[in-house]
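Visitor: The primary structure of each chain is shown beneath.
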Amino acid sequence: MKLTEIELSLPVRIVDMACNNQLVCRRLNDLGIMEGTLVSIKKRLPFGGPITLEAGNQWISIRRCEALQILVEAV
Amino acid sequence: MTVTVLAGNPNTGKSSLFNTLTGSYEYVGNWAGVTVEKKVGTLKAGKGSLIDLPGLYSLNPLSHDEEVASRFLMSEPFDSILNVVDASQLERNLNLTVQLLEYGKPLLLALNMMDVAKQNGLVIDTQRLSELLGVQVVPVVARSGKGSDQVLEAITDHAPGTALEPYSIWYGDTLEKAVAELIGQMPQGTASPRWMAVQFFEGNSVVRTSLESKMDSAWLQRLYQTAEEAVRSEFGVRTLSQYMRKQRAEHIQGLLAHCVRHTKEGHLTFSERIDRIVTDKYLGIPIFLLFMYLTFKLTFEWIGSPLSDLLDAFINGPLRDGTTWLLDSIGAQDFIKALIFDGIFAGVGGVLVFVPQIFILFLIISFIEDSGYMARIASVMDRLMELVGLNGKTFIPMIIGFGCNVPGIMAARTIEQPKERLLTIILTPLMSCSARLSVYSLFVGIFFKSNQALVVLSLYVLGVVLALVLAKLFSSTILKQQESMFVVELPPYRIPQWKTLSRSTWEKGKGFVRKAGTFIFGGSVLIWLLSYMGPHGWNVPMDQSFLAKIGGLIGQVLTPLGFGTWQAGAALITGFLAKEVVVSTMNIIYAAPDTAALQGLLAGHFTPLQAYSFMAFILLYVPCLATVGVIRKETMSARWTWFSVLYALVVAYVISYAIVLIGRALGYH
Chain P
1 MKLTEIELSL PVRIVDMACN NQLVCRRLND LGIMEGTLVS IKKRLPFGGP
51 ITLEAGNQWI SIRRCEALQI LVEAV
Chain L
1 MTVTVLAGNP NTGKSSLFNT LTGSYEYVGN WAGVTVEKKV GTLKAGKGSL
51 IDLPGLYSLN PLSHDEEVAS RFLMSEPFDS ILNVVDASQL ERNLNLTVQL
101 LEYGKPLLLA LNMMDVAKQN GLVIDTQRLS ELLGVQVVPV VARSGKGSDQ
151 VLEAITDHAP GTALEPYSIW YGDTLEKAVA ELIGQMPQGT ASPRWMAVQF
201 FEGNSVVRTS LESKMDSAWL QRLYQTAEEA VRSEFGVRTL SQYMRKQRAE
251 HIQGLLAHCV RHTKEGHLTF SERIDRIVTD KYLGIPIFLL FMYLTFKLTF
301 EWIGSPLSDL LDAFINGPLR DGTTWLLDSI GAQDFIKALI FDGIFAGVGG
351 VLVFVPQIFI LFLIISFIED SGYMARIASV MDRLMELVGL NGKTFIPMII
401 GFGCNVPGIM AARTIEQPKE RLLTIILTPL MSCSARLSVY SLFVGIFFKS
451 NQALVVLSLY VLGVVLALVL AKLFSSTILK QQESMFVVEL PPYRIPQWKT
501 LSRSTWEKGK GFVRKAGTFI FGGSVLIWLL SYMGPHGWNV PMDQSFLAKI
551 GGLIGQVLTP LGFGTWQAGA ALITGFLAKE VVVSTMNIIY AAPDTAALQG
601 LLAGHFTPLQ AYSFMAFILL YVPCLATVGV IRKETMSARW TWFSVLYALV
651 VAYVISYAIV LIGRALGYH
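Protein chains in written order, with this note's numbering: chain P, 1 to 75; chain L, 1 to 669.
Distance ranges between label pairs, derived from CB positions: (1) P:Gln22 <-> L:Glu272: 29 to 35 Å; (2) P:Gln22 <-> L:Ala180: 24 to 30 Å; (3) P:Glu7 <-> L:Gln150: 43 to 49 Å; (4) P:Asp16 <-> L:Lys472: 31 to 37 Å; (5) P:Pro46 <-> L:Lys118: 32 to 38 Å; (6) P:Val75 <-> L:Leu290: 39 to 45 Å; (7) P:Gln22 <-> L:Asp173: 25 to 31 Å; (8) P:Glu73 <-> L:Lys472: 37 to 43 Å; (9) L:Ile478 <-> P:Glu7: 40 to 46 Å; (10) L:Ser75 <-> P:Pro46: 44 to 50 Å.
To be clear, the hints were calculated from the coordinates, so they are not data collected in a lab. Bear in mind the structure is a predicted one, so any value in this text is a computation, not a measurement. Note that CB positions come from ideal geometry on N, CA and C, so glycine has one too.
Could you build the full structure based on these sequences and the hints that come with them?
Guide: The following block contains the structure:
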């Protein structure tokens with residue numbers, strides 16, 4: 001399923017980082033977010049704004065369109 | 001003298017540590033080839049210097065900031081690296097550490113935020129970590145200064161030149177073969193060959209350019225592609241850089257398994273609770289606006305203005321009397337007296353009285369930066385910024401630009417996308433900086449006494465709205481985007497430390513004070529001379545002076561805008577030096593002894609509508625000299641520099657004209 005579809009605060013595992021935008025993908029990698037990482041969604045901003053991810057106790061804000069391309073599985 | 005470089009991820013307490021380790025520091029001009037200033041501090045023991053680099057996540061750069069840092073590490077001489085690591089984010093931070101170790105320079109690891117790690121339930125065996133990495137590890141709490149003595153000792157005792165055995169990670173047979181092949185082809189004498197090869201395959205553009213200058217670039221490209229395809233088919237990853245990052249992550253996880261224990265689940269309750277409110281679905285933007293409104297209230301009405309009044313009273317009371325007495329007692333000539341009182345006191349003194357307000361504003365901006373709220377603002381604003389072709393991060397330089405456009409434009413270096421960065425650079429001058437504040441302060445004090453903060457806020461909003469409209473215009477015409485990018489780390493909230501806060505406020509504000517002593521001093525003398533001389537000799541009536549002649553030419557063009565006087569024209573020309581010189585010029589032209597007297601005089605020369613139109617013109621018309629300089633440096637393009645000057649002039653004219661027309665239609669004049 002897509003990262004945007006999961007419930008708030010429910011931890012899931014990333015199975016595919018299929019970002020079209022290589023810059024975003026690289027930066028997420030730098031922050032230690034890659035296939036196999038456990039993440040959860042902490043917040044969704046309104047009007048299609050960014051979502052806040054939590055991974056390894058750090059919070060990261062990314063755009064919804066990029067989050068849509070990240071596939072995750074339940075743990 | 002040893003030279004140590006401070007490197008680490010953003011938000012790891014690098015500046016705090018820099019401040020505790022160094023007594024004094026200075027900005028040193030450009031590095032060769034890179035147009036950036038470096039911050040160099042003298043270590044407290046006096047035995048060496050410490051260079052602060054921009055924060056970076058990886059040696060493989062994405063943003064301009066990171067490129068500067070990795071270029072420095074590759075090409076500048078230094079003795080050792082002090083790597084600051086956030087203990088509570090050890091795994092991510094070690095990604096950079098491992099890359100630095102692979103590079104092979106002597107390294108000392110400062111393990112910061114041990115207290116936070118402990119709260120999060122992490123127990124770190126620093127002794128074991130040190131053995132595993134083969135470097136000295138010193139736990140510190142940079143905020144309280146704990147452990148900084150040991151760090152200082154370790155740096156200064158480090159015998160320079162004792163290079164480490166480069167640290168090596170096995171990246172798997174397939175890639176290692178390609179690495180070996182590349183090393184084999186490198187010209188003799190290449191420094192850190194294995195590191196160069198590893199970084200090349202990870203996609204490091206700086207390393208790649210360096211290799212391409214010495215080797216066949218087509219061959220390099222083939223080698224890269226073959227390796228990527230091999231890795232792709234063998235491991236099912238998308239890119240080589242993802243594969244290498246993963247290999248390194250596994251290596252780091254292996255290390256951490258030996259030296260880190262989790263005692264309990266971590267909690268982020270404090271930050272979480274604050275975030276629930278300040279980034280709330282509906283309240284987020286209103287809270288931000290309220291925050292900005294309070295900022296202006298503090299700056300103008302509650303703290304800044306009363307302090308400014310006190311300073312004004314001092315300059316024009318005891319200081320002026322003292323100077324008069326001194327000049328009289330040495331029997332100074334009238335010319336000298338006129339120069340000092342009508343030129344320097346009016347010009348420099350008139351600007352210095354705004355120092356308290358400007359420092360309050362810088363203090364609040366530093367607070368936003370240090371507390372962690374800045375990243376939240378970026379996140380809350382992203383949707384809006386995306387609509388105009390930018391991203392939320394571009395809002396950060398704009399907010400810093402409220403203090404001063406120069407650091408604002410430099411802050412755009414953290415924006416990864418080159419076109420978004422360029423757009424931010426040319427639009428940041430529309431942010432109303434503190435120098436312009438002195439002009440508004442002067443005018444709202446006369447014409448809008450009862451709602452000063454609101455009128456000034458409206459000018460700030462005008463700047464922001466115009467920036468957004470023009471962003472949309474430019475991004476859909478001359479600066480079409482390929483892909484926009486937004487990834488922002490939201491650091492935990494921290495209560496800013498007084499020491500760091502005051503130091504960064506001073507760092508931002510001292511430029512303003514320095515300008516008063518240089519630019520504004522020189523400008524004031526020049527303006528006064530121009531007003532003292534005319535075609536018919538010395539000591540002429542002001543409206544016969546050279547200044548009136550020059551200002552009159554400009555004034556004619558400005559007549560439709562409602563302030564077509566030679567005084568306004570002259571003030572605008574000199575305002576290009578620095579916007580606060582407008583105040584100096586007016587003080588000199590109207591021969592006002594102090595701010596109150598000038599306000600009385602101006603009340604007779606402007607109507608409220610003309611004053612507002614004039615303020616809007618001051619806000620927009622041309623970035624000041626220092627800003628134009630930094631635009632040139634940061635864009636490295638004369639064309640874009642000219643563009644940012646010219647579009648601003650056009651916009652200023654159109655907007656001021658519109659204000660006058662609308663105002664008249666509403667019955668003001």
